[in-house]
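Chain residues, written in single-letter form:
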Amino acid sequence: MSNIDSYRRKFLSGVAGTAVAATVIPGVFLREVEAKPVGDAVTNAVRWGMLIDTNKLTDGGDACVEACQKEHGWGNDPKSNDAQQAQWIRKVKVTEKMTGHTVSLPVMCQHCDTAPCVDVCPTGASMKRADGIVQVNKHVCIGCRYCMMACPYKARSFVHETLQDQRPSTPRGKGTVESCNMCVHRVDAGKNPACVDAAPQAMLFGDLNDPESKISKALKQYGGTQIRADLGLNTGVRYWGI
Amino acid sequence: MFIRHSKKMQSFFLMSLMLLIGFGLTACGDSQPPKLMKAVKQFKSDEVRDAHVKHMRKNHMDELLHKRDETMIKGIRTKKYSLNACINCHVPEKHNGEVLRHTNPEHFCSTCHGFVAAQLDCFQCHVDHPVNSDGSTAKAPNDAIHKVEKSLSVPKSDESKKLTLSNNALNSAMNSAITKDVKGESISE
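Listed in order, the protein sequences are those of chains G and D. Each residue of the first sequence is one higher than the one before, starting from 1 at the first, in this note's numbering. Each residue of the second sequence is one higher than the one before, starting from 1001 at the first, in this note's numbering.
Note that these hints are calculated values from the structure, not bench results. Watch out, some of these pointers could steer you wrong.
Below, computed lysine to any residue pairings styled on SDA-like, alpha-carbon distance capped at 20 Å [claimed, not checked]:
{"id": "1", "chain 1": "G", "residue 1": "Lys174", "chain 2": "G", "residue 2": "Asp113"}
{"id": "2", "chain 1": "G", "residue 1": "Lys36", "chain 2": "D", "residue 2": "Lys1041"}
{"id": "3", "chain 1": "G", "residue 1": "Lys93", "chain 2": "G", "residue 2": "Lys154"}
{"id": "4", "chain 1": "G", "residue 1": "Lys154", "chain 2": "G", "residue 2": "Gln84"}
{"id": "5", "chain 1": "G", "residue 1": "Lys128", "chain 2": "D", "residue 2": "Lys1067"}
{"id": "6", "chain 1": "G", "residue 1": "Lys93", "chain 2": "G", "residue 2": "Ala229"}
{"id": "7", "chain 1": "D", "residue 1": "Lys1041", "chain 2": "D", "residue 2": "Cys1109"}
{"id": "8", "chain 1": "G", "residue 1": "Lys138", "chain 2": "D", "residue 2": "Gln1124"}
{"id": "9", "chain 1": "D", "residue 1": "Lys1079", "chain 2": "D", "residue 2": "Arg1057"}
{"id": "10", "chain 1": "G", "residue 1": "Lys138", "chain 2": "D", "residue 2": "His1126"}
{"id": "11", "chain 1": "D", "residue 1": "Lys1080", "chain 2": "G", "residue 2": "Pro171"}
{"id": "12", "chain 1": "D", "residue 1": "Lys1079", "chain 2": "D", "residue 2": "His1126"}
{"id": "13", "chain 1": "G", "residue 1": "Lys93", "chain 2": "G", "residue 2": "Asn55"}
{"id": "14", "chain 1": "D", "residue 1": "Lys1054", "chain 2": "D", "residue 2": "Leu1064"}
{"id": "15", "chain 1": "G", "residue 1": "Lys36", "chain 2": "D", "residue 2": "Arg1077"}
{"id": "16", "chain 1": "D", "residue 1": "Lys1067", "chain 2": "D", "residue 2": "Glu1106"}
{"id": "17", "chain 1": "D", "residue 1": "Lys1080", "chain 2": "D", "residue 2": "Phe1043"}
{"id": "18", "chain 1": "G", "residue 1": "Lys36", "chain 2": "D", "residue 2": "Phe1043"}
{"id": "19", "chain 1": "G", "residue 1": "Lys191", "chain 2": "D", "residue 2": "Arg1077"}
{"id": "20", "chain 1": "D", "residue 1": "Lys1074", "chain 2": "G", "residue 2": "Ser169"}
{"id": "21", "chain 1": "G", "residue 1": "Lys138", "chain 2": "D", "residue 2": "Lys1058"}
{"id": "22", "chain 1": "G", "residue 1": "Lys138", "chain 2": "D", "residue 2": "Asn1132"}
{"id": "23", "chain 1": "G", "residue 1": "Lys217", "chain 2": "G", "residue 2": "Thr54"}
{"id": "24", "chain 1": "D", "residue 1": "Lys1074", "chain 2": "G", "residue 2": "Asn55"}
{"id": "25", "chain 1": "G", "residue 1": "Lys70", "chain 2": "G", "residue 2": "Ala199"}
{"id": "26", "chain 1": "D", "residue 1": "Lys1074", "chain 2": "G", "residue 2": "Ser213"}
{"id": "27", "chain 1": "D", "residue 1": "Lys1074", "chain 2": "G", "residue 2": "Asn44"}
{"id": "28", "chain 1": "D", "residue 1": "Lys1074", "chain 2": "G", "residue 2": "Asp165"}
{"id": "29", "chain 1": "G", "residue 1": "Lys70", "chain 2": "G", "residue 2": "Arg186"}
{"id": "30", "chain 1": "D", "residue 1": "Lys1067", "chain 2": "G", "residue 2": "Ala41"}
{"id": "31", "chain 1": "D", "residue 1": "Lys1080", "chain 2": "G", "residue 2": "Val38"}
{"id": "32", "chain 1": "D", "residue 1": "Lys1080", "chain 2": "G", "residue 2": "His185"}
{"id": "33", "chain 1": "D", "residue 1": "Lys1079", "chain 2": "D", "residue 2": "Leu1064"}
{"id": "34", "chain 1": "G", "residue 1": "Lys36", "chain 2": "D", "residue 2": "Lys1079"}
{"id": "35", "chain 1": "G", "residue 1": "Lys191", "chain 2": "D", "residue 2": "Asp1121"}
Assemble the whole structure, with the sequences as input and the hints as a guide.
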């Protein structure tokens, strides 16, 4: 980064900071994703993560699911039945038996640090990018579905039929497994994942490795729950309110 | 009888064989690579264009393979050798009023791949025609809508009834497609 750029960035973030302090009520998060230069490879200097506040999800995550479907074009495969339809993100209702307290939360790939799906893949198709995004390299996926069985979050789907008219940035094809890829094409372009943009009041996307990022600060201050933390997978998606 | 005419037969056979080979060779000599669809992009000069054509004719598969791993694994999303960039330039959005798919021999990729009988795997997953960033255009005949239209068996004479019916069906199909209920699952702790 040149001196001028870093100066400009500092200046702008200073301006934005004062504006935020003055106008935005606490608890409302702003975007903070920064694009890497397009020709550079991703590095493990960043680890992308997501924080979801279920209390602020007024619709329980419907908007996220819809945005994801629109972004990646899943969920409407013409010949698949309901059980076969792909599901990159879904609403899960959790009820505490004792009190009857019910929480609805969106569950997708949790982008584990030590991902079981990556461990079991016989071809290396299920992979973790250097920046922590777990995805399927469909070029080498043979559709064995071991990863689907290994995933404790039931986050992966299998495509059962020949498809056409996929989204240009989300190739999908028969015989391969797929799942949430944290909108990797959007992240590389410096944008938020589609679900985060669909529910900005409740979701925060950012770099977990950067102690100064909003998500890191929020997690440091208030903590964040992992689903099935007992598995020790160090997930990249954390929740509040569950 | 065979023995008596053997010489005649032999010469006839030879003649026809030579003729056949001759025809075959002329046919080979005439064979031209198939004509390809024109690309959208205009190069700065003819030399640059010719270099591009020459290079890609021979090496497009290697470039695409290399680029695919760079993009998938390293997240390098430059436009050069990106499959989407190829498609956006080489395939028109509409051809003869229809979306041009790779199953059509006029599709830029399919023309040559069909000619040399090389299987084209990219489009089993990748989209084979340009799509707007919002996904609006080339958005394919939505299968749900097509099914509904096909399943409607209303007499053609009753145009108004047909219209309302199909509109209703279309609307409901669209609604169900858009706000498809995602099944909630319950986990009790």
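Here is what the structure says about each hint:
1. At roughly 28 Å between alpha-carbon atoms, Lys174 (chain G) and Asp113 (chain G) are farther apart than 20 Å, so this suggested pair is violated.
2. Using a Cα cut-off of 20 Å, the hinted pair Lys36 (chain G) and Lys1041 (chain D) is violated, with the two alpha carbons roughly 27 Å apart.
3. Pair hint Lys93 (chain G) plus Lys154 (chain G) holds up; C-alpha atoms about 14 Å apart against a cutoff of 20 Å.
4. Distance hint between Lys154 (chain G) and Gln84 (chain G) is fulfilled; the C-alpha atoms sit about 13 Å from each other, no more than 20 Å.
5. For the hint linking Lys128 (chain G) to Lys1067 (chain D), the alpha-carbon distance of about 18 Å falls within 20 Å, and the restraint holds.
6. The suggested pairing of Lys93 (chain G) with Ala229 (chain G) holds, with an alpha-carbon distance near 18 Å, which does not exceed 20 Å.
7. Under the criterion of a C-alpha separation no larger than 20 Å, the hint pairing Lys1041 (chain D) with Cys1109 (chain D) is consistent with the structure, at around 16 Å.
8. About 11 Å separates the Cα atoms of Lys138 (chain G) and Gln1124 (chain D), which keeps this hinted pair within 20 Å; it holds.
9. With a C-alpha separation of about 18 Å, the suggested pair Lys1079 (chain D) and Arg1057 (chain D) falls inside the 20 Å cut-off, and the hint holds.
10. Proposed proximity of Lys138 (chain G) and His1126 (chain D) is supported: the alpha carbons are some 11 Å apart, at most 20 Å.
11. Using a Cα cut-off of 20 Å, the hinted pair Lys1080 (chain D) and Pro171 (chain G) holds, with the two alpha carbons roughly 18 Å apart.
12. Only pairs whose Cα atoms come within 20 Å are accepted, and Lys1079 (chain D) paired with His1126 (chain D) is accepted, the gap being roughly 16 Å.
13. As the CA atoms of Lys93 (chain G) and Asn55 (chain G) are separated by approximately 13 Å, the hinted pair is consistent with the 20 Å bound.
14. With a CA separation close to 16 Å, the supplied pair Lys1054 (chain D) and Leu1064 (chain D) stays within the 20 Å bound.
15. About 10 Å separates the Cα atoms of Lys36 (chain G) and Arg1077 (chain D), which keeps this hinted pair within 20 Å; it holds.
16. A hinted pair counts as satisfied when its Cα atoms are at most 20 Å apart, and Lys1067 (chain D) with Glu1106 (chain D) does not qualify at roughly 26 Å.
17. Restraint check for Lys1080 (chain D) and Phe1043 (chain D): satisfied, since their Cα atoms lie roughly 14 Å apart, inside the 20 Å limit.
18. The hinted pair formed by Lys36 (chain G) and Phe1043 (chain D) fails the criterion: a straight-line CA distance of about 29 Å is larger than 20 Å.
19. For the proposed pair Lys191 (chain G) and Arg1077 (chain D), the alpha carbon gap of about 14 Å is at most 20 Å, so the pair holds.
20. Our distance criterion of 20 Å between C-alpha atoms is met by Lys1074 (chain D) and Ser169 (chain G), whose separation comes to about 15 Å.
21. Distance check on the hinted pair: Lys138 (chain G) and Lys1058 (chain D) sit about 25 Å apart at the alpha-carbon level, beyond 20 Å; violated.
22. Among the hinted pairs, Lys138 (chain G) with Asn1132 (chain D) is inconsistent with the structure: their alpha-carbon atoms are about 23 Å apart, more than 20 Å.
23. Annotation: proposed proximity of Lys217 (chain G) to Thr54 (chain G) holds, straight-line Cα distance about 18 Å (limit 20 Å).
24. Between Lys1074 (chain D) and Asn55 (chain G), the direct Cα distance comes to roughly 36 Å. Violation of the 20 Å bound is thereby established for this hinted pair.
25. Note on Lys70 (chain G) and Ala199 (chain G): the hinted pairing holds, with a Cα-Cα distance of about 14 Å set against a maximum of 20 Å.
26. Under the criterion of a C-alpha separation no larger than 20 Å, the hint pairing Lys1074 (chain D) with Ser213 (chain G) is inconsistent with the structure, at around 23 Å.
27. The hinted pair formed by Lys1074 (chain D) and Asn44 (chain G) meets the criterion: a straight-line CA distance of about 11 Å does not exceed 20 Å.
28. Using a Cα cut-off of 20 Å, the hinted pair Lys1074 (chain D) and Asp165 (chain G) is violated, with the two alpha carbons roughly 26 Å apart.
29. A threshold of 20 Å between alpha carbons decides the hint, and for Lys70 (chain G) with Arg186 (chain G) the separation of about 14 Å falls inside it, so the pair holds.
30. Simply put, Lys1067 (chain D) and Ala41 (chain G) have alpha-carbon atoms about 12 Å apart, close enough for the 20 Å limit, and the pair holds.
31. For the proposed pair Lys1080 (chain D) and Val38 (chain G), the alpha carbon gap of about 11 Å is at most 20 Å, so the pair holds.
32. Of the pairs offered as hints, the one joining Lys1080 (chain D) and His185 (chain G) holds, with about 16 Å between alpha carbons and a cut-off of 20 Å not exceeded.
33. Restraint check for Lys1079 (chain D) and Leu1064 (chain D): satisfied, since their Cα atoms lie roughly 11 Å apart, inside the 20 Å limit.
34. Taking the CA atoms of Lys36 (chain G) and Lys1079 (chain D), the gap is about 15 Å. The hint holds against a cut of 20 Å.
35. Of the pairs offered as hints, the one joining Lys191 (chain G) and Asp1121 (chain D) is violated, with about 30 Å between alpha carbons and a cut-off of 20 Å exceeded.
The structure fails hints 1, 2, 16, 18, 21, 22, 24, 26, 28, 35 (numbered hints given earlier, in ascending order).
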